[in-house]
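Peer 1: Sequence:
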Amino acid sequence: MRLQHLVKTFALALVATISGAITSAAEPQRPDIVLFLSDDHTWRDSSVYGSPDIKTPNMERLATAGMTFDNAFVASPSCAPSRAAMLTGLYPARNGAEPNHARPRLDIKKLPAYFQELGYQVVAFGKVGHYRQTKDYGFDIARHFDYHEDVAIPEAIKWLRNRQSDKPLCLIVGTNWPHVPWPEDPENVDASQLEIPPHHVATPESRQWRARYVSAIHNMDIELGKVMDTAFEVLGDDIFFMHTSDHGAQWPFGKWNLYEDGIHTPMIVSWPGHIEPGKRTSAMVSWIDILPTLVDVAGGEPTSDIDGRSFLPVLTGQRVAHRDMIFTTHSGDGDRNVYPMRSVRMPDGWKYIRNVNPEFLYENHITQNRPNCGYWASWILQAKTNNMAKSKVDRYQIRPADELYHCATDSYELRNLAGNADHDERQLQLESRLNEWIEQTGDELKLYGNPTLHKTIEPLP
Numbered sequence: 001m002r003l004q005h006l007v008k009t010f011a012l013a014l015v016a017t018i019s020g021a022i023t024s025a026a027e028p029q030r031p032d033i034v035l036f037l038s039d040d041h042t043w044r045d046s047s048v049y050g051s052p053d054i055k056t057p058n059m060e061r062l063a064t065a066g067m068t069f070d071n072a073f074v075a076s077p078s079c080a081p082s083r084a085a086m087l088t089g090l091y092p093a094r095n096g097a098e099p100n101h102a103r104p105r106l107d108i109k110k111l112p113a114y115f116q117e118l119g120y121q122v123v124a125f126g127k128v129g130h131y132r133q134t135k136d137y138g139f140d141i142a143r144h145f146d147y148h149e150d151v152a153i154p155e156a157i158k159w160l161r162n163r164q165s166d167k168p169l170c171l172i173v174g175t176n177w178p179h180v181p182w183p184e185d186p187e188n189v190d191a192s193q194l195e196i197p198p199h200h201v202a203t204p205e206s207r208q209w210r211a212r213y214v215s216a217i218h219n220m221d222i223e224l225g226k227v228m229d230t231a232f233e234v235l236g237d238d239i240f241f242m243h244t245s246d247h248g249a250q251w252p253f254g255k256w257n258l259y260e261d262g263i264h265t266p267m268i269v270s271w272p273g274h275i276e277p278g279k280r281t282s283a284m285v286s287w288i289d290i291l292p293t294l295v296d297v298a299g300g301e302p303t304s305d306i307d308g309r310s311f312l313p314v315l316t317g318q319r320v321a322h323r324d325m326i327f328t329t330h331s332g333d334g335d336r337n338v339y340p341m342r343s344v345r346m347p348d349g350w351k352y353i354r355n356v357n358p359e360f361l362y363e364n365h366i367t368q369n370r371p372n373c374g375y376w377a378s379w380i381l382q383a384k385t386n387n388m389a390k391s392k393v394d395r396y397q398i399r400p401a402d403e404l405y406h407c408a409t410d411s412y413e414l415r416n417l418a419g420n421a422d423h424d425e426r427q428l429q430l431e432s433r434l435n436e437w438i439e440q441t442g443d444e445l446k447l448y449g450n451p452t453l454h455k456t457i458e459p460l461p
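In our numbering, the protein residues as written are 1 to 461.
Quick caveat, the hints were computed from the structure, so don't treat them as lab data.
Don't take every hint at face value.
What the hints assert, rightly or not - Label-pair restraints from in silico Cβ distances:
hint : residue 1 : residue 2 : range
1    : 234       : 132       : 23 to 31 Å
2    : 299       : 154       : 25 to 33 Å
3    : 422       : 141       : 52 to 60 Å
4    : 421       : 368       : 32 to 40 Å
5    : 318       : 118       : 18 to 26 Å
In this text the structure is predicted, and so the values were computed from the model without any measurement.
Note that beta-carbon positions come from the ideal geometry of N, C-alpha and C, so glycine has one too.
Throw the hints in and build the complete structure from the sequences for me.
Peer 2: What follows is the structure, encoded as structure tokens:
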């Protein structure tokens, strides 16, 4: 009897071992995923992307550990449309969130649902969707998403340290930095040493406000480091960690614009054992590609009915290119910014922008001299006596129907080549490709809000 019992016990143990192996094979280990979003951070304003005077040591640490994208772009340069595109994998015209503050349609499947189906706990801390919209996306947990609710990052860290679930984790943490309001007292930033970008007007006020913006970037970078350190300490090494920003900063030619300072965005990704450290890539990727990439990383199948495509093969070194065109769109931000525009950008740096209603005056929170943009009045004042300042102000507010730039040699887009006979054929090709995309996405070029016409502009005192 004893021998029979031993044989039976051994057999049961063997069956359990084999069953466990089969289960393990059927259900592969899924990595934890952490996505850190910064808010209103122009890509070139960091040491990782060549800034001589804005140090971002934690971005540098992440870049050393993984891959830096030199050609990552958002789908739209304002908060709600950009984040909705990332969380749905769809262009704004297809998900319904076109102007700022708009929501994607309720019937659209969103990022949390994909990961819940894969067995993940899906959590958001801070500004992930557009503030309070975050809770509508279906996260298992969504906290501290109000305007500049800056406790979000320490609360995310505290939650992670005390997490109880055994499920794999998809955690998205959104800082409010460097979104305005910028710190009033920019610690450890010497305004006199900062470079003023060539498309800005170099006034003392510009320098003071730029110091505040740089201080806000430092805040973001510190929070990135804290989240990164905690994630690897708590979760271990099998973490897919991404840092990127929803669009450029609230400076002229940045946020709410399809210029490089509006749509070009930082993106750095690490995944120990899967992504070779210290790499840079010129592959063009869009924020609509983030969702299918993360699903691919988690072992799921990205659906074919979204606009985004996984760039995991670029991360793992299997491919060096991804998209052959980047399309971007902007509609407006309430009555403060009614100016629909569309663009197409190529890997060689050529970009065409269509201003749908060039008869409109380009306005936004900056030009209306709100407290968060106190330098704009100094630009207007200098423009009265300085032709170079006047040309920058006029170029910002009064735009032609067509703009054509070669961003590879003209990074700040100072030379509009539209209408230049030497580039007529190129312009026609880009216009045609943009028209095809507008038709394919069902973009009706809708007008949202009440525009201001050129003749109604009231000069500042």
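Peer 1: Work down the list of hints and note, for each, if the structure agrees.
Peer 2: Results for each hint:
1. 234 - 132: 23 to 31 Å: Holds, since residue 234 and residue 132 (Cβ atoms, about 28 Å apart) stay within the stated range.
2. 299 - 154: 25 to 33 Å: 32 Å, holds
3. 422 - 141: 52 to 60 Å: 56 Å Cβ-Cβ, so the 52 to 60 Å window holds.
4. 421 - 368: 32 to 40 Å: 38 Å, holds
5. 318 - 118: 18 to 26 Å: 22 Å, holds
Against the hints set out earlier in the document, no violation occurs for any number.
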